[in-house]
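Peer 1: One letter stands for each residue in the lines below.
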Amino acid sequence: MGLEDLLKKVKDRFDDEAEVAPALRSAAYNKAESEKGVKIPEDLFFKCPRCLTTSYKEDFEKNRKVCANCNYHARLTWRERLNLTADRNSFSEFDANMESQNPIDYPEYADKLQKLRKACDMRDAVITGECTIRGYKAVIGIMDSNFMMASMGSVVGEKITRAFEYATKNKMPVILFTASGGARMQEGIISLMQMAKTSGAIAKFSDAGQLYITVLTDPTTGGVTASFASLGDVIIAEPKVLIGFAGRRVIQDTIKQKLPDEFQSAEFLLENGFVDLICERRRMRSYLARIMRMHNYEKIEEGRVNK
Amino acid sequence: MSRISATERLALIRVKNRPTVNDYIPLIFDGFIEMHGDRHYGDDAAILGGIATFYSMPVTILAQVKGRDVEENKRTNFAMPHPEGYRKALRLAKQAEKFNRPVICLVDTPGAFCGIEAEERGQGEAIARNLMEFMTLKTPVISIVLGEGGSGGALALAVCDELAMLENALYSVISPRGFASILWKDPSREKEAAELMKITSEDLLNFGVCEKIISEPAGGAHNDCQLTADNISEYLFDAIKRLCRTDAETLLKNRYQKFRKIGMFTE
Numbered sequence: 020m021g022l023e024d025l026l027k028k029v030k031d032r033f034d035d036e037a038e039v040a041p042a043l044r045s046a047a048y049n050k051a052e053s054e055k056g057v058k059i060p061e062d063l064f065f066k067c068p069r070c071l072t073t074s075y076k077e078d079f080e081k082n083r084k085v086c087a088n089c090n091y092h093a094r095l096t097w098r099e100r101l102n103l104t105a106d107r108n109s110f111s112e113f114d115a116n117m118e119s120q121n122p123i124d125y126p127e128y129a130d131k132l133q134k135l136r137k138a139c140d141m142r143d144a145v146i147t148g149e150c151t152i153r154g155y156k157a158v159i160g161i162m163d164s165n166f167m168m169a170s171m172g173s174v175v176g177e178k179i180t181r182a183f184e185y186a187t188k189n190k191m192p193v194i195l196f197t198a199s200g201g202a203r204m205q206e207g208i209i210s211l212m213q214m215a216k217t218s219g220a221i222a223k224f225s226d227a228g229q230l231y232i233t234v235l236t237d238p239t240t241g242g243v244t245a246s247f248a249s250l251g252d253v254i255i256a257e258p259k260v261l262i263g264f265a266g267r268r269v270i271q272d273t274i275k276q277k278l279p280d281e282f283q284s285a286e287f288l289l290e291n292g293f294v295d296l297i298c299e300r301r302r303m304r305s306y307l308a309r310i311m312r313m314h315n316y317e318k319i320e321e322g323r324v325n326k
Numbered sequence: 002m003s004r005i006s007a008t009e010r011l012a013l014i015r016v017k018n019r020p021t022v023n024d025y026i027p028l029i030f031d032g033f034i035e036m037h038g039d040r041h042y043g044d045d046a047a048i049l050g051g052i053a054t055f056y057s058m059p060v061t062i063l064a065q066v067k068g069r070d071v072e073e074n075k076r077t078n079f080a081m082p083h084p085e086g087y088r089k090a091l092r093l094a095k096q097a098e099k100f101n102r103p104v105i106c107l108v109d110t111p112g113a114f115c116g117i118e119a120e121e122r123g124q125g126e127a128i129a130r131n132l133m134e135f136m137t138l139k140t141p142v143i144s145i146v147l148g149e150g151g152s153g154g155a156l157a158l159a160v161c162d163e164l165a166m167l168e169n170a171l172y173s174v175i176s177p178r179g180f181a182s183i184l185w186k187d188p189s190r191e192k193e194a195a196e197l198m199k200i201t202s203e204d205l206l207n208f209g210v211c212e213k214i215i216s217e218p219a220g221g222a223h224n225d226c227q228l229t230a231d232n233i234s235e236y237l238f239d240a241i242k243r244l245c246r247t248d249a250e251t252l253l254k255n256r257y258q259k260f261r262k263i264g265m266f267t268e
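Heads up: the sequence lines are chains A and B, in that order. Here this note's numbering is used: the first sequence runs in plain steps of one and ends on residue 326. Here this note's numbering is used: the second sequence runs in plain steps of one and ends on residue 268.
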């Protein structure tokens, strides 16, 4: 069967379902369908990991990588996030050349990092710098889960610490888009210490009276949740994203039962009082700008960073 | 001091009669008074808190409690704290700051508890808050790892001016078993992980994470609890004297730098 035929077949089925039985497009139904072995070409379609609905990749990307069916806010690369957040051409990067060493001589760690640097167009799992957002100057940090699940080792810890120190000195707000599998085990105890180091920098920054906004994105877990991600003056989460301390599997193994789907979702954290608000991607820039304005930061001309 | 492998130490700190905080506290301190509760949710027996005197000086003690038998372990959850345990620790640390007494943290935990309730009550937030608040606590903080220093659950009581470790204690980003299970998908390679991870007191001294190794009697702390307690006392006496002479501003600056300088990178 040719690709066009396949496309038509899939599209026809979608159109039919949309008319006759939208209720059938439940997670269970889709799961059953996918288990029957209907193979979906990955470069043309996006299959939502939450509701398992499939949609055209083009539509999904136009929709800022948000699932049209369930509103799950999918993972972005750092560049996509930056483009959606910062004013055009306003970004200037900090510490662009920083790279990790191998404190416990973990086998093949250097090779792995080298491959990821190429594939992800970054030296380690976080990009930091300054930019304007709707004309408001801010220090920004973006973690990218494509890079070793954005785990925190020496580089992530150091870059985030320096970002806070820079913002303290220059009286600027800090906005961090967090995503992480936790501490980077390959760096041993050094990675654990980054939790204390970043939290210490935030303590000083906070004492200096500046604003720290955390945006929790998919997935924010482990040592990052247990350090800088939970310390924002304002904590925002994207809809449906996974946020937690312990891994789901670890908990399931401990309690020997399956956890409900909404466990450790943004909505679960909101209900339990650990995030201030859930904000959709399309409104994020406007919310960030409004929050900065209400903390008495001044708007400068868009696209300019005065040094 | 003969060189004992990380694997052998892993076995040593799991010896059934390895002394716990409940053995040490009466041997090191006088007149301990336990204080309960985080004032928000409840009391967590995994972290013991209270005040006592040390050479007639009042101190605050925060300690993770490994049980000496099944009953005690049930009560203390095998020293795996819930968020309210960390929040109780922070409350008592703030109390110590107010009344200007040193805080002594005795660390001995496999890690913070992983469970539904712990997540609902914000395990991540509780640990994060402690890391931040302890960094600026205006009174000396000394942490001693007695056995297991497991991950963020240990670090939440180890943001301090000086970290000491008992000779055979281990302190790691994740348990060797967890390390093997996650990175190699094979928990049975625990011993190999323990050797690779650099988690002994000597390793941590080399990394600048730990400032002092407190020696244990031959064969491990359980062979002579009194002697181990005396060694801890001797260290504490020096450390408290040293830190209490330091003014608060210098103390906090040094504490920040202690962690600020840890990281291995090039640029």
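Hints are computed from structural coordinates only; laboratory data are not their basis. C-beta: ideal position from N, C-alpha, C; glycine also. Errors might be hidden in some of the hints.
FRET-style restraints, in silico, Cβ to Cβ [said to hold, decoys possible]: (1) A:Arg-83 with B:Phe-33: 56 to 62 Å; (2) B:Glu-250 with A:Arg-309: 53 to 59 Å; (3) B:Gln-96 with A:Arg-268: 37 to 43 Å.
Derived BS3-like pairs (lysine-lysine); straight-line CA-CA distance at most 25 Å [stated by the list, open to error]: (4) B:Lys-262 with A:Lys-223; (5) A:Lys-190 with A:Lys-223; (6) B:Lys-213 with B:Lys-242; (7) A:Lys-223 with B:Lys-95; (8) A:Lys-134 with B:Lys-186.
Peer 1: Would you mind marking each hint as holding or not holding in the structure?
Peer 2: For each hint, the structure was consulted:
no.: 1; hint: A:Arg-83 with B:Phe-33: 56 to 62 Å; in the structure: 58 Å, holds
no.: 2; hint: B:Glu-250 with A:Arg-309: 53 to 59 Å; in the structure: 38 Å, violated
no.: 3; hint: B:Gln-96 with A:Arg-268: 37 to 43 Å; in the structure: 38 Å, holds
no.: 4; hint: B:Lys-262 with A:Lys-223; in the structure: 16 Å, holds
no.: 5; hint: A:Lys-190 with A:Lys-223; in the structure: 12 Å, holds
no.: 6; hint: B:Lys-213 with B:Lys-242; in the structure: 15 Å, holds
no.: 7; hint: A:Lys-223 with B:Lys-95; in the structure: 17 Å, holds
no.: 8; hint: A:Lys-134 with B:Lys-186; in the structure: 22 Å, holds
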